[in-house]
Amino acid sequence: MATLGHDQSGGARLGAPLVEVRKVTVAYPVPGGGGNVALSEVSLTVTEGEWLCVIGHNGSGKSTLAKLLNGLLIPGRGDVLVAGLNTRETALHRAIRQVVGVVFQDPEDQIVATLVEEDVAFGPENLGLARDEVLTRVQGALDAVDAGALRLRAPHQLSGGQKQRVAIAGVLAMRPRCIVLDESTAMLDPEGRREVLDVVTRLQAGGTTVVQVTHFMSEAALADRIVVLSEGRIALDGAPREIFGDRERLRALDLDVPPVAQVAERARALGVGVRGLPLTVGEFVAALR
Amino acid sequence: MNEIIVEVKDLWHWYLRGTPLETVAVQGVGLELRSGDLAAIMGHTGSGKSTVVQHLNGLLRPHRGSVRVFGQDLGDRRTDARALRRMVGLVFQLPEQQLFDPTVGDDIAFGPRQLRCPPEEVRRRVRTAMERVGLGFDAYKDRYTFGLSGGEMRRVALAGVLALEPRLLVLDEPTAGLDPRGRAQLLGSIRALHAEAGMTVVIVSHDMDVVAELARTVWVLAGGRTVMHGGVREIFARVDELRELRLGIPQVSELAHELRRAGHQVRTDVLTANELAEALWTNSTSRAG
Amino acid sequence: MDEFDFARGVTVGQYVPGTSILHRLDPRAKLGGFVIVLAAVITTSSYLGNAVALLAVVGLVLLSGIPLGYVLSGVRPILPILVVFTLFNFLFLGNYDPTGSRVLWRQGLGLGPYEFAFTVTENSLKQTLQGVVRIIALILLTSTLTLTTNITSLAKGIESLLAPFRRIKVPGHEIAMVFAIAYRFVPTVADELERLMKAQASRGADFGRPGRFQFAKRARQLVPITVPVFVGAFRRAERLIMAMESRCYVGGAGRTPISLPRLVARDWLSLAAAAAFTLAVWNVPWPL
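Protein chains in written order, with this note's numbering: chain A, 1 to 289; chain B, 290 to 578; chain C, 579 to 866.
Each hint should be verified, as a subset may be incorrect.
Unchecked claim - One side of the interface only, derived from the structure: several residues of chain A facing chain C at Cβ under 7 Å:
hint: 1; residue: 110
hint: 2; residue: 114
hint: 3; residue: 125
hint: 4; residue: 126
hint: 5; residue: 250
None of these hints come from the bench; they were simulated from the model.
No residue lacks a Cβ here, since even glycine has one placed at the ideal position from N, Cα and C.
With these hints in hand, go ahead and build the complete structure from the sequences.
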């Protein structure tokens, strides 16, 4: 498997804090007066190598949070530190965006060029890297997302899943330590969603930190840690088993546990012997012995 | 049995017919809808489902084969497609993108005004349509369209089609991009439209969870052809075939299937978590007894 | 034909792959050649000179290997404008002829207290005919350029040629980027437009033609299309900006320089041929 190599090797240590969000408040002015508070006093630490899932309804502030992580948005109050660099300093944005890369929701609106190969080269070219370095990175990134065969294709002819993988490759070419996926599977069909999740799983296994913003509970089951946002605040923070173990609290937030866990809970209530809290199909079958 | 309102026989349709880029989109699809149905047309991207459905309100004409809607033959040049669109309402994917009037009430009123309804009638239709999608008439009619949330805008777009008071409502990927709350709300509205307003409803989707929740009969398309059709339970029990067609399988169906393969005698035609849990309980008590 | 089948009609700005010599030329040579030949086309002021320029352009089209009929079809959309232009010039330009050339035709028209004259002089006739030939030649020449050069090459060529002007603050890279992005989104926007028209038609909108001159009515009819397209375009631009900034885009400064292969013999020869042609057209004492 092609490894990407993390260039920002200063302090890359699994388990150490990579991104720190410190008591951040973000408010948007609204036409007609007043304001809309997207995030209120939110604090969060993303540790190197983890798979963090941020869940919430539309309006919970999750997309705002995603944009804070690479300095696209600056908080009104509080600070965001990426590998120790404060996102308030515009001069540091170039370095920050080589640590944290963001993949957005609409595959179409991330692709800039008329050829896949050129679009993936966009990032490295922006960094002014030498031509051979650019080519190496493009090849590495395309391989990492299984899109080597799409190299010379025109992006607008690709399927949603393929486009989104190309978008991920474009971000990977920057060699980030952390990838943020801002609802990156929301506009894809089930096949596309599977393709993207497979790529993300592989990347995380290879040491890349993943922050996945989503509203699909079944995707959250794959994460190391889940943070639930509600109305601009953190409502829950913990491992999937902890979070999904408390169905009542989730229901109160208009959320629910993944379907597999629902079956387990109901079956247990009826008296069927289900051990533990299975979150995937495989776990459930095993839990039923 | 209820009357047949849509009859599609051996339908063929090509994209860009007559140009060097001509490709076949639909090759011999057949399907049938009866008054009062709550049906789903499923297939992954490229199966031809969107093309088929655009024939139902006359946007496309059959190139070969026949399409009869409410007794009208769409192969006949003289059939007035515009008139047909009063009876067949087609809601496209991401319909909020089609909103154009800055005032919610006026945007919804566009359809009735195009039909030359007198002002009283326009008002009545707008009010009814808004209520059906859960947007209070007085609360929303003067709101600024582009200031609403995504979910609200989608409901405005749906209301815009409902204001035509169609007898057949076709929705293409109705829940695409909605969070769990918005999704539940929209599905509830659709169910009510079917149950209370007596509309025949067709959902076009690749999201099998939506189909499982809503539909009673299912048509499955692949490669421009009809490959499966029947009641929703029997279709969903055929997990292996569905997987081969690259359709996402609801976790519950997949779980039932895997449990059966592991030796547990549970029914595989379950649609909800509760049903599967009960099937497991029935299985465990019957084994014990 | 289906009411909404759009994609077939888009020919302007299209790239048609091929193996002609024009296809194989470096974009910088083509851009340079284009400007040079263009100079000949729009400045020669003799009938014969014009004809020769037009023939030369047609020759280029034939050289490209792209069917002449296809390229000419790019002229069709502007035919109405051309006709109006010709008619107006033909009828009125003669009234304002400063050169005092011979009058070929004059028709007076009295409408109450007002008097109009339609005058055609030797000079105005020449200007009119030349104008038409120039416009057609310009379209053919531009089409030939875009049909034989894919957008990426074109953008690189533009950026490369404008690079030396960075010193005087000409944003060469940004200009090239604007073209490239606009072009890249043409198919996307075309699809969106088709979907929009279908969606609005599905709720009763009527896009039939009201009447040839009812412009206001036609504009109103198109509001359900124009507004969403604009709103969509702005939203799209916003999202694209975020994606570009996330990949450290800050404009042309500090970017990896465009790498184009060195110009080869055929590139230089083509430029030389273009220059020779233009000089010839300028200096030959055309008798007509």
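Hints versus structure:
| no. | hint | result |
| --- | --- | --- |
| 1 | 110 | holds, 4 Å |
| 2 | 114 | holds, 5 Å |
| 3 | 125 | holds, 4 Å |
| 4 | 126 | holds, 4 Å |
| 5 | 250 | violated, 31 Å |
Of the numbered hints stated above, the single one contradicted by the structure is hint 5.
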